Amino acid sequence: MPSNRRHFLKQLGGLAAGFGAASTGLSFINPSNKGIQTEDHPIEPGIAPAPLFFTISLAQWSLHKKLFAKEMDNLDFPAMAKNTYGISVVEYVNQFFKDKAKDEKYLAELLKRCNDNGVKNHLIMCDGEGEMGSPDAKVRNEAVENHYKWVDAAKYLGCITIRVNAFGQGSAEEVAKSAAESLSKLGEYAGKSGINVIVENHGGYTSNGEWLAGVMKKVGRKNVGTLPDFGNFCIKREGGAQWGAKCIEEYDRYKGVGEMMPYAKGVSAKTHDFDDQGNCIETDYLKMLKVVKAAGFSGYMGIEYEGDKLSEDEGIKKTKALLERVGSMIK
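In my numbering, each residue carries its 1-based index in the sequence shown increased by 22.
Since the hints were made in silico from the structure, they are not lab data.
Bear in mind that the values here come from a model prediction, so they are computed numbers and not experimental data.
Just so it is clear, CB atoms sit at the ideal spot from N, CA and C, and this is done for glycine as well.
Certain hints may be false.
[Claimed, not checked] Below, a list of computed lysine-lysine pairs in the PhoX-like style, where the Cα atoms sit at most 20 Å apart:
1. Lys353 / Lys309
2. Lys214 / Lys124
3. Lys342 / Lys87
4. Lys120 / Lys88
5. Lys207 / Lys239
6. Lys214 / Lys171
[Said to hold, decoys possible] Pairwise CB distance ranges, derived in the manner of DEER restraints:
7. Glu271 / Gly140: 23 to 33 Å
8. Glu196 / Glu272: 18 to 28 Å
9. Asp274 / Asp125: 14 to 24 Å
10. Gly266 / Gly318: 29 to 39 Å
11. Asp274 / Gly242: 37 to 47 Å
12. Trp265 / Asp98: 43 to 53 Å
13. Gly266 / Lys171: 25 to 35 Å
14. Trp265 / Lys160: 17 to 27 Å
15. Asp95 / Tyr170: 41 to 51 Å
16. Asn105 / Asp298: 20 to 30 Å
With these hints in hand, go ahead and build the complete structure from the sequences.
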C-alpha cells in the first residue's frame, strides 16, 4: 500500500474507531409490547422487560431488493437503518459497492454518513471473490488475495469483521483442508489490522455445522470464526445447484448453530415468514436464542429478513420486534 494512502486510511480509520468506541447499541423491548405468550415463559402487559443479552444490528441483505432495483443506494443504508428502524449497528454486503473497496473518496463519504447518523459499522459480507476451499492452490490463493482489499476497507470503515465463504469443489475432507489453509492465510493478513475473518453457513459443506466447526479447529486462530445463520442449512439442492433449486437435504438448524457458536463473532437472525402472533414460522426463536445464550454470546445479532410475503420494510420491523420480545424472555 502506498505510504500516502496508508497515512490517509490511518487518519480516517482512527476517526471510525473512536466513534465505534463511543457507541453502546444496547436494545430494549418496548414496555407497551405484550410479548409472546407461552406456557413456560408468560409475559404480562405493562411489566418492564429486561435488557437483551445481545445487540441488534441490521444486515444489508434485508434490503437487497431495493438495492438491486436501484430504489436506494448503498450510501443511504446507514441513515435508513437508524432513522427508519432505530438500529445503530450495520452489516454491509460487498455486492452493493463491489468496485469501491479501494475508492478513498467513496469510503470517506460512507463513513461520514455513518458518523452523521450515529451509526456503527460492524462487518462486510464478502461474496464473489473466489473459492477459498478450492483444492487448486492457485485458485484459493487468488481468492485469499482478493479479500485483502475488503480487510483494508473494513479497517477504514471501523468494522471489526469481514464475512467470507469457504466454497470449493471436491470431497468434504479436501475442501475442509483447503478452506482451513486459506482462512489461516487470510486470518494472518487480517490480524495485522485487528480484523476478524468469519465464515457463514451458506450452503453445501458450510451448512453442515460439524464440518464448519472442524474447519475452525484446523485453523485455530482467535480472529477466525463463524457467523451462524438461523436459516442457511440446506446442504444439498436438486441438480447440485448452489442456490435457488429445491432443498433435498437439510441440516438440523439448532444443532448446527450450537456447533458453530463456540467460534461465533456475530449471529444472523434469518426470517422468512411469520404467523399471526409475529412468530417466525420456520425457526423457533425461543429455542434458537436459548442455544445462542447458552454459548455465552453477547455480541451483535443481525436482522436478515429474506421473505417474499411481506415487504422488506415490514419484514425488518417484524424481525426486530420478534428479537426484542423473545430476547427479553431469556434470562
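Each hint tested on the structure:
1. Lys353 / Lys309: holds, 13 Å
2. Lys214 / Lys124: Since the Cα atoms of lysine 214 and lysine 124 sit roughly 18 Å apart, the hinted pair holds (cutoff 20 Å).
3. Lys342 / Lys87: Within the cut-off at roughly 19 Å; holds.
4. Lys120 / Lys88: holds, 17 Å
5. Lys207 / Lys239: holds, 15 Å
6. Lys214 / Lys171: holds, 14 Å
7. Glu271 / Gly140: 23 to 33 Å: violated, 44 Å
8. Glu196 / Glu272: 18 to 28 Å: holds, 23 Å
9. Asp274 / Asp125: 14 to 24 Å: Check failed, 42 Å falls outside 14 to 24 Å.
10. Gly266 / Gly318: 29 to 39 Å: With a Cβ separation near 36 Å, glycine 266 and glycine 318 satisfy 29 to 39 Å, so the hint holds.
11. Asp274 / Gly242: 37 to 47 Å: The hint (37 to 47 Å, Cβ to Cβ) is violated, given that aspartate 274 and glycine 242 are roughly 26 Å apart.
12. Trp265 / Asp98: 43 to 53 Å: The hinted range 43 to 53 Å is violated for tryptophan 265 and aspartate 98, with Cβ atoms some 26 Å apart.
13. Gly266 / Lys171: 25 to 35 Å: Holds, at about 29 Å.
14. Trp265 / Lys160: 17 to 27 Å: holds, 25 Å
15. Asp95 / Tyr170: 41 to 51 Å: Violated: the Cβ-Cβ distance is about 26 Å, outside 41 to 51 Å.
16. Asn105 / Asp298: 20 to 30 Å: Because 29 Å falls inside the window, the suggested range holds.
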